[in-house]
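In order, the protein sequence lines correspond to chains B and H. Each residue of the first sequence is one higher than the one before, counting from 2 in the working numbering. Each residue of the second sequence is one higher than the one before, counting from 16 in the working numbering.
Read the hints as simulated data drawn from the structure, not as lab findings. Quick caveat: nothing in here was measured; it's all calculated off a predicted structure. Treat each hint with caution, since some may be false.
[As the list claims (entries may be wrong)] Taking lysine-lysine pairs in the DSSO-like style, the calculated list, with each CA pair at most 27 Å apart, reads:
1) B:8 <-> H:199
2) H:199 <-> H:224
3) H:224 <-> B:8
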Amino acid sequence: MNDGLSKLGRQIAEQQDAELQQLEPNEASRRFLAEYAVRRATPEERKHAGLSGPTLWLRLSLAAVVIMSAFALQEAVFWSPRLSYTVGADGESGVLRDWESAPDDAPLPIHFSDGTRIELEPKARARVVEIGRAGAELVIESGRAHLDVVPVRFRVPGESPWLVNLGPFAVEVKGTRFDVGWDPREDDFSLDLYEGSVVVRGCDGGRHTLVAGQAVRASCSDQRWEIVPVGTPLPPSPAAAGALGAADEPPALTPEAPAQPPAPSSAEPRPAPPPRARSWQALARDGRYGPAFERVLAIGFDAERERSSASDVLLLGDTARLNGDARRASDAYSAVRRRFPGTPAAARAAFALGRLAVDSDADAARRWFESCLEEQPRGPLAPAADDWLFELSARSSDVAQRREAARVYLTRHPHGAHAADARRLLDAARP
Amino acid sequence: MRVADEPQSRDVEPRRSAVVHLPLSDSDAGVVAAIRAGERAGGAALYDRHHQYVRRVLVRVLGPDADLQDLVQDVFVAAIDSIDRLADAGALRGWLAAISVNCVRMELRRRTRRRIIRLLPPSEVPDVAVAARDRELDAALRVTYHVLGRLAADERIVFALRFIEGMELMAIAEVCQVSVATTKRRLVSARRKFINMARAYPELVDWVKDEAP
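Okay, chain H solo, but in the shape it has when bound:
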């Protein structure tokens, strides 16, 4: 934990008191309390503890994306802004997932509106590490997100969380803040559309050939 391991860091040093007022080191509750108290270390600790998780949720839905870093920061800004509405500090991680999904949904809708002016489709953004680990899989990944880009934002989100992140329906419903029935309905629709579209792409056809639409 960065804040705990580096007591001399700039984040905590300016406070000259010998007493550490808030236990920031190992608990989400401490982080939440610190943010509510306006402690600088709270914002940094929130990022340190959860940036990888937030990034993961975003990348599952968006795929390789040039704006990922911006979105990660947007998620944390939204979280800090609404930290007083978090009733159970122990649920911080799930709450961040819900905020991430919200942010990504808004971003996807914004992009849909602006798609007509895009010079290149999202799958062609050239800042993605495409080292030759597995070219076929790399192509499948790109085309998967190209196809997902044609789904509605809500359907794309449930599809990515279910099939790529591997979340259960109830967990998806929770982070999407909808009922399980709605989640299931969106998932069925997203899956059907994805399979139908994926069959047109050689990169995906083997993956979906045995799937019933």
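Chain B extracted, bound-state conformation:
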């Protein structure tokens, strides 16, 4: 009875196994786990882990009190409104997922209803992509920002606390004051922490806890992760500084630093940097779009665009897009459509072209998403294309058009990501 499914599953498993066999162990993870096993066993860690402490009954009593308190708090929080925010000195209401760009010569303030303040430095670009009752998620595309986050007193079930994404880095925040910056072209991440603590997820797969007074200077392409005192300027390029130049520096951790990053510690010699001969495709697939873009520019973007396979040209477009080069991204996606017409890759390129046009030319974006749907109506991107078509229509000032878009969306995706919004739109239209 299950022959078809079982065969499909076996084939998938074989394909996955073939790919898994080619994967090397992740040395950064291995090193981190080695250190983690030691840290866990120290008396302080064991104490935090609850391995020595009160008796079982006392623990149970405490747990009961905590659970009841949490439940009461959750009830209160459940009914609290989501945060809102304003942008600019005039206090204009912010629109979720809209890009906010600071002018070339002035900062751009963003104020949240819980008192959290963010200031984008001149030329920085960011957007708020999710907002909850006790936090929000931001993407800083490029530039620096100062964040003064009001401490989160509770964690709302089903919601993320404050989270800031910068390229391959993510900063989890509970309540703190810090500066953070990301330069996608140079692949440079920096964070200066003035108060509280944050957890930074880097491209090595590790989670690093930082405390006040610490700063991070990191780069994925150079496999660089340095913890330094706050205010330390960004290091010169690795070529100028010498890859091992900082290895002998003493660590700048404050005495109360709770956790060490999995990067090489000062007690151990820093391993020699790995050979840097990876292809731009490999770098891009690792999420290192900055170095990938540099590499492909060095070898010739246009030539790669014309000779690579469909999937690689798509990747080329993604790499250019994520480096802010919309023209080259558009060229690459257009090349896919020209060189591989009628293929799933061409439909995906149409989708990507739609994505590029969303903020600048809504009509063009709509046409591209419709092309994607026409060419691959059951393709994996079809639901996302419908989502975007609905979003674009929802932005329209034409009420009838919005309602029609909601009706069409619900017909196609009664359980889609925007189903609730679509229903709200239709309900609002009913007398």
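Put chain H on the given structure of chain B with help from the hints.
Below, chain H without anything else, positioned relative to chain B:
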């Protein structure tokens, strides 16, 4: 075994004693004891011995995924954190599978909450090796995980473990820490939903055309 074969490696060398206190080389019991004793080599050996298995369990459920490496590490961190609760060191592998399933479940639920802000569906994450081994199968794989992405986390897990990993019901129940009856119920539901959805995709229709929903 990496730790055993490389006695001069950084993991063991700093301990200058001539005596190796714990037998780490070939047994899970030795690895567990080393972690409990706070030996650096214990954490490394745990990873060396089981990272492929953990990765396999995760990839079966998640499919091609950019966060796989993060999740592998999360599984091992959770394992080290709770190593004192492992009663039988010989059951380490199954225990890691259970932790993997737990981690992947949490990850799937987190993604479900955040799905609305995704710019691309999971099947389009561009870091997957899509070399042209078998394009049809590659497409089927991608669409399979796209469809699985529409199932509830618990149903997706049992489906992947049963049909892709090929585990028996009892083993699935064990790693999911639920009864066999619950496992069976989830599997029936997941299978029915998967078949119904898969019929809408040309990449899968041949695989499920003879399946009764």
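Given the proposed pairing of residue 199 (chain H) with residue 224 (chain H), does the C-alpha separation stay at or below 27 Å? With a Cα-Cα distance of about 22 Å, the restraint between residue 199 (chain H) and residue 224 (chain H) holds, given a limit of 27 Å.
Within 27 Å, alpha carbon to alpha carbon, are residue 224 (chain H) and residue 8 (chain B)? 13 Å, holds
Below or equal to 27 Å on CA atoms is what counts here, so check residue 8 (chain B) against residue 199 (chain H). Holds: residue 8 (chain B) and residue 199 (chain H) sit about 20 Å apart, inside 27 Å.
Checked against the numbered hints given earlier, the structure satisfies every one of them.
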